[in-house]
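Fit chain B to the known structure of chain A by using the hints.
2 protein chains.
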Amino acid sequence: MNEADFIAALRHLPLHPGARNLEDDAAVLEVGGETLVITHDVMVEGVHFLPKQDMADVGWKLAAVNLSDLAAKGAQPVGVLLGHALGDGDERFLHGLGEALRTYDAPLLGGDTVSSPSPRSFGLTAIGKAVHTPVPSRTGAQIGDALWVTGTLGAAMLGFEALQGGREDNASAYSMPRPLLAEGCELAPHVTAMMDVSDGLLLDAFRMAEASEVSIAIESAACPVADPARRMECLTWGDDYQLLFALPAGVEPPVAATRIGQVEPRGFAPLFVDGEPVTNREGLGYVHK
Amino acid sequence: MNEADFIAALRHLPLHPGARNLEDDAAVLEVGGETLVITHDVMVEGVHFLPKQDMADVGWKLAAVNLSDLAAKGAQPVGVLLGHALGDGDERFLHGLGEALRTYDAPLLGGDTVSSPSPRSFGLTAIGKAVHTPVPSRTGAQIGDALWVTGTLGAAMLGFEALQGGREDNASAYSMPRPLLAEGCELAPHVTAMMDVSDGLLLDAFRMAEASEVSIAIESAACPVADPARRMECLTWGDDYQLLFALPAGVEPPVAATRIGQVEPRGFAPLFVDGEPVTNREGLGYVHK
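Protein chains in written order, with the numbering used here: chain A, 1 to 289; chain B, 1 to 289.
Isolated chain A (complex conformation):
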């Protein structure tokens, strides 16, 4: 099955009320008066990382992408579980993973180690505590909101190209992404919708619009990009892990961010880029086949 069909089929399984939109970054679990946020992301050799890549970066990134999902929910890390395929570079993997867990105060809870031929897969489950309820999701964008994004888009793309070209010193935006946990927690009480930009700004904005049943209009010239000469590439490349969020008109974000568009009544398409409608996801970013 492709991803869309699979997720559609998942909706026929018994679903927890905290699963909400299954395409959301993380689930929400109410326990004893606390609100937990829980997410699980997988990285596959040759798909999500290069076989020749330093395994320390893979360990770091596995933690970072999951912690970024917590950031998008305004949650502070509680702990992680690791699903690990044993093999070459395990020392380096643990070094990078450990660095990320120390940096973001996300201690190891447990997990599983398995034997596996190539390609190896690594999974991580991250659990956090929400600092604010209701927990932000991608479904809440309201007509009239302004759309904002943190940081610079396309930095991971340039980092990937540097890595491909052997310039590893310039690759950190790709190989060691920084989950914006502090920013996510500061933003959570203010936003109507929030998600992390993992698969490309335009694709993720498209998803927010679909989930919120609105249209989102983006001005490409307003978007902060790492290479203005390749603006559309920067907006369709993933892996930046910036936060994309909607705020009521007139509300200034409590963290550094750029206003890039607005939320409108659902029109002909979920997404408009410079006034042009975008009716399907093809070409917008990274879609799992």
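Some clues are possibly wrong.
One copy or two, it doesn't matter: identical chains are merged, so the pair holds either way.
[What the hints assert, rightly or not] Computed list of lysine to aspartate or glutamate pairs in EDC-like fashion (alpha-carbon distance at most 16 Å, straight line): (1) K129 with E34; (2) K52 with D90; (3) K129 with D5; (4) K129 with E30; (5) K129 with D54; (6) K52 with E252; (7) K52 with E99; (8) K129 with D105; (9) K52 with E161; (10) K129 with E276; (11) K52 with E168.
It is worth saying that the hints were derived from the structure and are not from the lab.
Frame of chain A; chain B shown alone:
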């Protein structure tokens, strides 16, 4: 790295206090006055299931092995997250997974879907609520305790052989194991130590002895086996997902179980089988290389 070295290296990472013994079946997380139990197990094509196997059985088993870890902790399922490599047989996989989730009231919370070449990996994180604290672990066996096991050992072995021989009707003990959730919850208030038998009775008893810093003496003739003519094979084959537990002398278990041995002061070896010391894990059961 091999599994033992990897787990040793994990101990240098920041550890959550609930991680306890990292080799334990699941971690314990105190949240808002509740005690959660959380576990993550991975299944790899060609390692944990046969490529020709019905994917419905793989989906069922992925849920069952994780829920069995909750059973060993005396926890009731709250929800699960799925890490899924898309591919052939996904409809069947979801059918089997859905059956297990319905049967054991373990609704889907979320997860991740990825593209992956063969061999595919599937991971599941299961979260439960402990019915009793302190939560049982494999570390608590006390000198003088009796050692007990539920059910029959070696049934999964016969099921595996039936599957290999094309007799799928007789394979259910291997292909559709039943996590003993009700039994685990009934046992939790009484046991000093408990674990599920996933890798073979002798290996898992060896692990309980090591974790509890005692010796365990097992009488092989007392062990309930599916094929008495192949008793030692039944005691070293895994996948039965019975519960192995220690009870103070004189305490009768509240569920059907067989007394198979006793807990003794730590002697020359962690495990004695019919009086013979067993000093290392080789040959006792399934060890991940």
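* Hint check against the structure, violated hint numbers in rising order -> The structure conflicts with hints 3, 5, 6, 7 and 10, although it agrees with all the remaining ones.
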